[in-house]
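Enquirer: Protein sequences appear in the order of chains A, B, C and D. Note that the first sequence covers residues 0 to 440 in numbering that gives the first Met the number 0. Note that the second sequence covers residues 0 to 440 in numbering that gives the first Met the number 0. Note that the third sequence covers residues 0 to 440 in numbering that gives the first Met the number 0. Note that the fourth sequence covers residues 0 to 440 in numbering that gives the first Met the number 0.
It is possible that some hints are incorrect.
[Stated by the list, open to error] When the alpha-carbon atoms are kept at most 30 Å apart in a straight line, the in silico DSSO-like pairs for lysine-lysine are as follows:
no. : chain 1 : residue 1 : chain 2 : residue 2
1   : A       : K184      : C       : K346
2   : B       : K346      : B       : K361
3   : D       : K361      : D       : K305
4   : A       : K346      : A       : K305
5   : B       : K184      : D       : K184
6   : D       : K305      : D       : K346
No wet-lab data here; the hints were simulated from the structure.
Protein chains: 4
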Amino acid sequence: MRLGRAFFRDIIANLASAGQGLLDRRAGADTEEEIRALCRALLRSKGEASVVTLARRTLDSFARLDDGGREEFFEFLLGELGAEPPALDAALDAYRSSPEPGTAAALAAAAEPRRQELLRLMNTAPDGTRDILSMRAALLGALAGRPELRPVDDDFVHILRSWFNRGFLELHRIDWRTPALVLEKIIEYEAVHQVLDWEDLRRRLQADRRCFGFFHPALPDEPLIFVEVALCKGLAGSVTELLFGEVDPDVDADTAIFYSISNCQRGLTGISFGNFLIKQVVHELAVEIPGLRRFATLSPIPGFRKWLMREASDGRLVNGRNGREATFEGIETADWPADTAPGEHLKDALMRHCARYLLEAKRGIYPLDPVARFHLRNGARLERINWMGDPSPAGISQSAGMMVNYVYDEGTVVANHEAFVNEGRIAHSRAVAALAGAAAD
Amino acid sequence: MRLGRAFFRDIIANLASAGQGLLDRRAGADTEEEIRALCRALLRSKGEASVVTLARRTLDSFARLDDGGREEFFEFLLGELGAEPPALDAALDAYRSSPEPGTAAALAAAAEPRRQELLRLMNTAPDGTRDILSMRAALLGALAGRPELRPVDDDFVHILRSWFNRGFLELHRIDWRTPALVLEKIIEYEAVHQVLDWEDLRRRLQADRRCFGFFHPALPDEPLIFVEVALCKGLAGSVTELLFGEVDPDVDADTAIFYSISNCQRGLTGISFGNFLIKQVVHELAVEIPGLRRFATLSPIPGFRKWLMREASDGRLVNGRNGREATFEGIETADWPADTAPGEHLKDALMRHCARYLLEAKRGIYPLDPVARFHLRNGARLERINWMGDPSPAGISQSAGMMVNYVYDEGTVVANHEAFVNEGRIAHSRAVAALAGAAAD
Amino acid sequence: MRLGRAFFRDIIANLASAGQGLLDRRAGADTEEEIRALCRALLRSKGEASVVTLARRTLDSFARLDDGGREEFFEFLLGELGAEPPALDAALDAYRSSPEPGTAAALAAAAEPRRQELLRLMNTAPDGTRDILSMRAALLGALAGRPELRPVDDDFVHILRSWFNRGFLELHRIDWRTPALVLEKIIEYEAVHQVLDWEDLRRRLQADRRCFGFFHPALPDEPLIFVEVALCKGLAGSVTELLFGEVDPDVDADTAIFYSISNCQRGLTGISFGNFLIKQVVHELAVEIPGLRRFATLSPIPGFRKWLMREASDGRLVNGRNGREATFEGIETADWPADTAPGEHLKDALMRHCARYLLEAKRGIYPLDPVARFHLRNGARLERINWMGDPSPAGISQSAGMMVNYVYDEGTVVANHEAFVNEGRIAHSRAVAALAGAAAD
Amino acid sequence: MRLGRAFFRDIIANLASAGQGLLDRRAGADTEEEIRALCRALLRSKGEASVVTLARRTLDSFARLDDGGREEFFEFLLGELGAEPPALDAALDAYRSSPEPGTAAALAAAAEPRRQELLRLMNTAPDGTRDILSMRAALLGALAGRPELRPVDDDFVHILRSWFNRGFLELHRIDWRTPALVLEKIIEYEAVHQVLDWEDLRRRLQADRRCFGFFHPALPDEPLIFVEVALCKGLAGSVTELLFGEVDPDVDADTAIFYSISNCQRGLTGISFGNFLIKQVVHELAVEIPGLRRFATLSPIPGFRKWLMREASDGRLVNGRNGREATFEGIETADWPADTAPGEHLKDALMRHCARYLLEAKRGIYPLDPVARFHLRNGARLERINWMGDPSPAGISQSAGMMVNYVYDEGTVVANHEAFVNEGRIAHSRAVAALAGAAAD
């Protein structure tokens with residue numbers, strides 16, 4: 000029983016005729032001015048009688064703005080709805096003259112940009128949360144050209160991080176009994192392995208698959224993030240094996256392969272749930288299917304080939320003996336174009352360099368590869384590099400067709416995480432170490 | 000599918016054995032120290048691998064503290080988990096030397112007490128929200144004796160107000176189909192007219208009654224606030240009429256009387272939902288029962304008699320002519336003791352003074368009576384004063400047995416609210432005006 | 000919490016090893032014999048310990064039979080599982096010698112074919128109802144070639160009619176929130192206007208459409224019958240208008256057009272719910288959308304052209320004056336082939352004859368046209384004949400492209416029904432009467 | 000979305016004014032005649048337009064009858080709504096002259112009492128099933144004084160058995176989250192150990208207890224039968240142990256004790272679900288709590304003391320040697336009155352005779368004791384006799400305060416059942432055998 004729009008239509012009509020509103024009527028003329036007047040009215044409203052109505056009008060007003068109007072609005076948030084300078088200055092002086100918890104707290108209150116409160120007030124509207132996420136998405140668009148809006152975005156992130164706290168998220172299984180309304184969003188948002196159509200989706204929701212998503216109660220039909228899992232016998236090393244193999248989940252499955260994880264809400268960019276999602280899904284599966292012995296991913300290596308080309312052009316690939324350099328020259332020359340699978344003669348060299356890339360290529364103390372960073376930070380172990388794991392054009396051009404398994408092992412995940420975060424240490428199997436060592440020979 | 004405790008038992012065991020934890024082991028010795036170490040570890044944790052576990056441990060640790068330990072903990076939040084002074088000072092200098100949106104935003108970030116972030120981190124635990132509300136309830140207990148903890152409470156309020164934003168609340172009807180788990184809380188929390196037992200509750204949930212509550216998705220079995228409504232023929236003026244009258248809701252009911260509104264969560268003290276609740280319930284009822292013509296309350300006047308006694312002792316009651324003073328002397332003398340209903344000979348005088356009390360007795364520009372303040376601020380109109388509306392001992396001693404109807408009229412609620420908030424103007428019926436005028440004769 | 004298959008796997012293993020089973024072991028050799036032994040065991044089982052297990056095995060056994068085996072099984076039901084002759088003869092004699100309620104009741108009990116009890120026993124299995132419907136579907140297939148099986152089918156109908164009593168059916172709205180599992184069945188079963196794909200389905204579930212189905216609690220994912228409704232402004236006369244028009248249901252819609260009604264379960268052939276469904280949906284829509292003034296169908300006239308051809312070949316179309324015969328000769332000649340829309344010059348004549356067909360062509364006292372029979376029996380009124388209402392090849396070849404509106408008018412539906420059922424009287428508009436009269440001129 | 004009463008109010012008004020109804024208007028004068036006219040109209044109605052309305056009116060009409068009117072109505076069902084004699088006679092002749100499946104099926108159809116079809120027609124009304132159960136309950140009341148109504152009751156049983164087929168029942172767990180509407184029925188119907196009040200109920204639904212019930216979809220708020228289970232450590236032998244012991248179900252529980260099973264619907268008397276319920280609950284618990292090793296009952300022995308007294312008065316208790324007769328004389332004399340617990344000096348003798356009673360006292364080949372019959376027929380094993388298992392007055396007067404454990408052991412339940420049903424063989428423990436043997440010494 001959420002508050003319906005019809006109710007607000009009545010109330011708004013009522014408000015309009017009340018004649019005593021908080022709203023500055025001159026504003027009505029154009030939307031850019033109107034939305035500013037609405038925001039001021041929202042912040043000024045001491046009582047709650049009209050806050051929901053004003054909030055709804057503000058969001059509707061924003062929806063009617065064109066791109067230019069939206070940028071103007073964000074600048075208004077930046078320039079006018081920060082802290083109030085006089086109040087801030089006063090609090091600042093009070094704190095300076097007597098720095099104790101009370102004055103510090105008063106300073107914090109005075110320093111908080113008023114746009115944060117504005118976001119909270121706008122959220123009282125029915126469907127407010129959804130519209131605020133759209134507003135953030137628009138802000139991200141504007142931010143590219145106007146980096147000075149960053150502080151406004153920081154406030155969105157601050158508020159959204161609080162509202163989308165893990166404690167408020169609900170994990171739901173997504174399957175063929177899920178409402179079509181949600182399923183069509185899975186089709187739309189799948190980022191790793193595109194869903195072709197409803198038949199393809201159906202295949203991914205069959206008995207040997209699992210799909211789980213996080214949902215927020217204020218957006219019941221909108222997954223925030225979802226993960227797709229295949230139940231396998233053994234550690235699958237290729238997409239084909241995953242997508243077309245079939246296994247009786249009650250009998251044969253001993254391994255759960257997380258093969259796709261997709262964020263759905265552009266408005267939540269930078270607010271991360273993936274780590275929580277993977278861990279809770281591991282838990283759910285362990286309870287549901289006691290026969291599972293291993294939880295692993297089948298992951299891309301998006302930065303490998305780019306790195307390899309740079310290594311090659313910088314002359315750092317002459318690393319072997321016994322004529323290996325010769326074999327390797329192919330990489331620099333024309334015999335392996337961008338979208339063709341490398342020949343078997345390159346296999347050893349490429350796998351060895353891939354191991355080096357994952358273990359040694361860094362940004363600061365952490366791996367250069369973003370997917371590696373994500374899973375290793377979560378406490379996973381780099382387990383295996385799979386030749387021709389993804390022979391699609393995208394797979395070839397990003398990672399020379401290879402894929403990686405990261406293993407989540409409940410007994411070591413915390414220790415791995417700590418060692419990684421604090422020292423950048425990468426948990427990895429002997430096989431990967433051997434490959435990288437061979438590369439260094 | 001919320002994350003179960005069993006999962007965390009495992010993870011915690013795992014964490015303990017990991018040997019590399021963020022947790023300062025020396026702390027384990029006693030709980031007071033342990034919880035501080037846990038809080039520091041939570042704030043220090045860069046990654047998320049252990050945050051849920053640490054959060055759960057922190058909340059469990061708090062639950063084991065005795066009252067003294069809790070006060071110590073709150074002082075720790077006050078003294079140690081405010082803003083970090085060096086960072087704050089630096090941000091402050093930067094802002095002073097160049098006050099623009101960027102430095103202002105940085106200052107706001109540096110000024111935010113770290114205990115706010117701690118609350119967000121603790122909330123990642125399963126059942127975290129519930130435990131944080133308990134923590135706030137304990138803080139309110141401690142605050143009485145230690146007003147210096149106020150800044151800590153302000154941070155709880157700040158965070159809880161954000162999490163319990165109206166946009167996240169769900170309205171549910173409560174009836175005899177509601178789970179017993181929720182119903183027993185209605186029995187426990189009803190604040191205005193005590194529910195005697197399950198039979199009494201059942202009566203209040205029959206066909207001519209309605210009960211609605213706000214719920215938060217993170218506390219699905221816990222009403223936050225609920226309101227009880229009786230469907231009546233005409234404006235009921237007494238509790239008896241309300242609780243024992245019977246009306247066929249499909250045929251006769253033309254008036255919905257809101258006769259009780261109860262907050263349920265001590266941990267949410269100061270975060271108000273009543274206004275939103277009443278308005279949404281008005282809307283729900285208007286849709287469900289098109290025959291309803293009027294929405295009103297039957298409300299106590301908790302401050303009347305206390306005010307009257309003070310007026311009397313200050314000699315301000317000699318207000319009438321025609322021998323009224325004589326009649327009125329009874330109030331100051333022994334003929335109307337604290338818990339006996341006043342005689343009919345006092346009726347006129349008491350009703351007149353009650354009207355005066357409601358219209359004229361003020362704190363600042365607003366009425367002295369807290370219930371009047373609440374409904375008038377919401378936009379209601381003071382409609383009628385009812386002699387012997389509540390002849391219970393509590394009713395006699397608070398309001399000389401009278402009760403008031405406030406009417407919520409969709410067409411005027413916004414205008415009433417604005418006039419009240421901005422100017423303290425009280426919407427009221429002619430009958431009440433006449434009574435107060437008579438008092439002034 | 001329905002009983003799972005896993006449970007029965009265990010129990011069956013257990014039963015098999017019990018060594019004391021009711022089941023005749025010799026039967027195991029081949030399925031045809033096995034299923035008979037299982038049926039006998041089911042009927043013989045005094046106690047319930049194994050009835051669920053035996054029921055499951057019987058249904059599984061049936062599922063393994065090929066077409067020949069199934070026919071044999073149905074013959075077994077016919078020949079062996081009717082009434083027991085000696086018991087029936089005894090009951091018959093008893094009744095003959097003393098015909099009173101007791102002996103009549105005993106006779107009824109003895110006369111009931113034992114296959115009815117077998118169906119009840121098989122239904123105790125998990126998913127039993129679903130499998131019994133499949134069995135009936137197989138029986139209908141066999142019946143075509145073996146009319147002597149009719150008494151077996153009569154018993155299926157008798158039992159299914161009792162189980163699928165209207166009192167046990169649940170009406171559910173089907174929309175874009177419905178589980179995909181159910182929606183794919185709507186795509187599969189739509190009989191009148193084929194659903195092309197998921198996008199087409201989505202269109203049919205938008206805001207200006209409604210779809211409702213009857214479900215039985217034992218088959219929660221299986222619609223039994225569903226009806227599609229379009230909300231329109233005015234009485235729509237063509238499929239195009241219906242499928243591609245758009246209307247704001249909150250504002251404009253004054254008419255609900257029932258444009259498709261589809262049975263889903265072949266196993267329920269002959270057990271009719273359409274009448275109940277239409278009436279309940281009328282009721283639901285009237286409550287949901289108070290602005291609706293009219294409930295009507297847009298229906299095909301499946302038998303018109305066939306009848307017309309016969310009339311023509313029998314020389315009964317020479318009905319007009321003023322040269323109409325001439326115009327009409329086209330029907331008998333080559334100028335209007337089977338799958339081409341008739342020219343405008345035939346319009347008047349065809350519409351007049353269509354009115355005659357609907358009002359005058361009879362089988363017994365009822366209309367020849369099956370769709371007309373259905374709606375008129377339900378109490379609808381024949382309202383309007385629409386030229387080119389369905390210009391699809393099927394529409395042309397069945398009804399010369401015309402469609403009909405039948406109107407369900409709450410105030411007259413019972414009287415219409417009674418007059419129709421008892422006297423064959425057809426409620427119809429003046430316009431249709433005029434058309435038919437013109438035909439007779 | 001079941002069909003609402005309001006709908007029918009309209010339709011009935013409509014029907015009444017239609018003037019062409021099937022209903023014989025003369026009947027309106029008095030209810031006894033009216034209901035007969037309604038029943039005839041229901042059976043006569045060829046079409047469905049008014050069947051739901053007529054069904055609702057018939058049931059409402061029955062509800063208004065007094066006891067005498069109801070008996071008259073049942074006699075009407077007996078005398079007038081059996082098979083139609085002419086049709087039956089014709090079918091009978093046809094069968095006699097040519098006894099084959101077709102004529103047998105026609106005979107069965109003609110022999111079926113028309114009151115069966117009447118029940119099916121009445122069930123189309125909203126809430127029809129509930130009202131038909133009430134009608135049956137009334138019939139059971141009338142049957143006591145009028146045994147000639149038995150054939151009518153047989154038809155109710157026949158139809159209800161079909162509708163309440165195990166395949167249509169749903170098992171639901173009942174706990175403190177169950178709607179109060181259902182819980183109050185648990186309080187009302189508990190037959191074995193009375194529930195004192197809501198607090199008592201709450202205790203029975205705590206973490207170490209389970210309660211499960213069968214529900215029928217047409218009666219969603221009405222349990223048909225429910226069973227209460229306590230999770231224990233070891234085989235509990237007394238009610239006190241059960242009701243007041245506490246066990247951590249996750250850690251300690253190794254035994255589930257079924258201590259109460261209650262039928263809720265008088266209208267379903269004679270249609271048994273207990274066997275199915277116990278077996279499914281065993282299955283549910285085995286899945287939920289893998290630590291459970293044993294499933295047993297703690298059951299009364301309702302017929303023991305009555306049997307013992309008869310044995311004593313018939314002089315059959317002089318069964319011992321070594322002075323046992325002397326000890327036993329107490330039973331026949333005044334030293335053990337009806338509602339006092341027997342002294343310890345009687346313990347051995349009473350337990351031995353109780354074992355004899357359970358193993359040897361028979362009706363036909365089955366045990367005399369009805370509770371023993373129920374569990375042994377289900378395949379349970381007679382495990383242990385518990386001295387002072389139920390020291391309540393009822394327990395003393397029925398069974399000298401003793402209770403019995405029957406054990407359901409998945410591995411032997413089918414074999415036990417078969418041996419019991421076919422040969423009356425009672426599965427029992429050595430301990431019970433030894434007791435009975437001692438009795439025979």
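Enquirer: Against each hint, give a clear statement of whether it holds in the structure.
Expert: Hints, one by one, checked against the model:
Our distance criterion of 30 Å between C-alpha atoms is broken by A/K184 and C/K346, whose separation comes to about 49 Å. At roughly 23 Å between alpha-carbon atoms, B/K346 and B/K361 fall within 30 Å of each other, so this suggested pair holds. Distance restraint check for D/K361 and D/K305: the Cα-Cα separation of roughly 14 Å lies within the 30 Å cut-off, and the hinted pair is therefore satisfied. Between A/K346 and A/K305 the alpha-carbon distance is near 17 Å, which keeps this suggested pair within the 30 Å criterion.
Between B/K184 and D/K184, the direct Cα distance comes to roughly 21 Å. Compliance with the 30 Å bound is thereby established for this hinted pair. With a CA separation close to 17 Å, the supplied pair D/K305 and D/K346 stays within the 30 Å bound.
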